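Q: Can you build the whole structure from these sequences, using the hints too?
Line by line, the protein sequences give chains D and C. Just so we're aligned: 72 in our numbering is position 72 of the first sequence, and the numbers increase by one with no gaps anywhere. Just so we're aligned: 76 in our numbering is position 76 of the second sequence, and the numbers increase by one with no gaps anywhere.
Hints are computed from structural coordinates only; laboratory data are not their basis. From a predicted model like this one, the values you see are computed outputs, not experimental measurements. Keep in mind that the hints are not guaranteed to be accurate.
[As the list claims (entries may be wrong)] Computed Cβ-Cβ distance ranges for the label pairs, DEER-style:
(1) D:V76 x C:G119: 25 to 33 Å
(2) C:G28 x D:K48: 39 to 47 Å
(3) D:V76 x C:T283: 17 to 25 Å
(4) D:E168 x C:E420: 38 to 46 Å
(5) C:R18 x D:R147: 41 to 49 Å
[Claimed, not checked] Facing chain C, a subset of chain D residues (Cβ under 8 Å, in silico):
(6) F50
(7) A71
(8) A131
(9) Q139
(10) V142
(11) R144
(12) K177
(13) K182
(14) Q190
For every residue, glycine included, the Cβ atom is placed at its ideal position computed from N, Cα and C.
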Amino acid sequence: MLYSLALSRSSAALAFRRGPLNFMASDSEPLSGLHQLDSQALSSLHDKHFPELFRYARYRLADADTAEDAASETFVRLLEALQRGGGPRSSPRAWLFGTLRHIVDDHYRAAYARGIETFSHGPEGDGAPDAAIEADERQEEVRRALRFLTSEQQHVLALRFGGGYSLEQTAEMMDRKANAIKALQFRALQALRRHLPEDAG
Amino acid sequence: MKPRAEDLLQAALESAGRGQGIDGLLAGLSREEAAELRALMAAATAASSLGRSDLPAGAARRSRSRLLRRASSMPSAVSARPPLRRLIPRFSAAALVALFALAFGLGGLKEAAATSLPGDALYPVKVAAADLRLQLEFEAAQRLRLESLYAEQRLEDVRQLLALGRVVPVSFHGRVLGISATLWQVEDFPLRVTARTRVVGEILPGMLIEVEGISQADGTILADELHLQSYDTLGTLESLDAEQMIVGGRVFLLTGRSVLEPGLVVGDRALLRVTIDDSGVRTIVSAVRFSPPTPTAAPVETAATAPPRTPPPPSTSTPAATTTDDHGGQGGGTQGPGDDDDGPSETTQDPDDDGEGTEKIEFNGVVQSIAGSQWVVDGQTIRVDSETEIKDDPGVGDTVKVVAFLLSDGTWWAEKIELED
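A: What follows is the structure, encoded as structure tokens:
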């Protein structure tokens, strides 16, 4: 399909009407229990953030199982960091997303080193509706194009368009100013446009 | 005043998010600008098409169980041991007294321990003594000198170890000089990197990393874990307080160990040495006022900022002194100038505008690999970020023309990569 602007008002609204997620309301969680590896504090933190971490990983990774592993590994890294006396200093969410970003990057780096293609095979032909196959192919094209972007560009697109975080929320999570995120988003979309097929469908 | 392109894009995204069209925004634009905005919105639609995925059934439970199992197997006491000390056993108070004596040259152990190598019984004593000496040094500049000295000693230990062909665990800090899929060059050591190697941080040539691995009889090191330790970057100091500084739009934390040049003030060009932890939190090791080198002045070099190493340019290169730059920083575009945007001076700076002393190369070559922000063209590793102009979508195997600059951290940043006919 052609990625030239097919923005009817309804499709545009569908694509972008993802206001701030309600769980972004507060990130001021107590950190004390974490450093004692308190199971209740860890469980609470895990249950609060695992779904959004999974969604981020799934946005960047073609395979749901790999995304689940990556999100889960993020919390193991948190444990290891806490054990070393490190870990989040203020915002656990920013720390978790920063760590997950590196895990996803490492996944692609390792796959590249092994010469493994990291795209999913999509729904199998038998019984899969044409629309589902087409949608899956389109997603693969986007993921393939995303791999040409820098890690930070992929990160900002995953947060903005995958997670639906606002400019300000993304800035906070990336430890940047909102204007810097705006510029990064602009360049990320420029780069994505360059690498998307013009007549993919 | 005409709005910036990124502001227009954001306004269009917000408008689309409200279910409104972007015709009103397009009205005031030229045909080219309108086409560009439409194309970016199409890219945004594509980016949104990946959408959000439902959490698989049981995924959260599985992950929570894994987390709690792992937590229960860990001691509850929080340890603040830095990674290099993982190889060192805990010592009794008596041993600490002995170490104290050793650290300051007292007692007969010193000579014996000084010649020990990784794997030897006395090697942990040697490392711990150096570490204790560091802990007891409170003067920042002297501490940095000692750190540098001990780091060089660790490298020499590894050199001797490899020459002897011993197979033992090693841990050291070094600068990355080359990266390929399976073989990295760190200092003068070839590192074998496998799928099992854990790489933490976006490591690029020129950066300082911590290596943990096992020396091999063939003179290589099998890498177990590679941690980005620090990198150098340059930018304009935007704010400074007791806890943090903002340079080029990015926040850097300050600790009691951060060394700042006296008199460094907002508005100065600052050369930073930065450490970065697993989550990407950046902490200042040192910050000095940056003055571009002149033909008669020595390059900026302090105890806190070791001189950048210069990888050999490709044989087809034609180095020419042209510029300093703002493109240092963590790899993967994390500190690209375009990403620092909070003012046109940082985002649109022409590298040729800013003094002299940094090399520029132009050469034609074949693209051998593309791995995210890292391209290899004719054996030369080149960093690409959001500011790089890439024309005609070259791919692996294509012949391209490259214009690149040598950055302060020793890496080459591509200003332009163009497909050649």
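Q: State for each hint whether it applies.
A: Against the structure, the hints:
{"no.": "1", "hint": "D:V76 x C:G119: 25 to 33 Å", "in the structure": "holds, 29 Å"}
{"no.": "2", "hint": "C:G28 x D:K48: 39 to 47 Å", "in the structure": "holds, 44 Å"}
{"no.": "3", "hint": "D:V76 x C:T283: 17 to 25 Å", "in the structure": "holds, 23 Å"}
{"no.": "4", "hint": "D:E168 x C:E420: 38 to 46 Å", "in the structure": "holds, 43 Å"}
{"no.": "5", "hint": "C:R18 x D:R147: 41 to 49 Å", "in the structure": "violated, 32 Å"}
{"no.": "6", "hint": "F50", "in the structure": "holds, 5 Å"}
{"no.": "7", "hint": "A71", "in the structure": "holds, 7 Å"}
{"no.": "8", "hint": "A131", "in the structure": "violated, 13 Å"}
{"no.": "9", "hint": "Q139", "in the structure": "holds, 6 Å"}
{"no.": "10", "hint": "V142", "in the structure": "holds, 5 Å"}
{"no.": "11", "hint": "R144", "in the structure": "violated, 11 Å"}
{"no.": "12", "hint": "K177", "in the structure": "holds, 5 Å"}
{"no.": "13", "hint": "K182", "in the structure": "holds, 5 Å"}
{"no.": "14", "hint": "Q190", "in the structure": "holds, 7 Å"}
Going down the numbered hints, you'll see the structure goes against 5, 8, 11, while the others check out.
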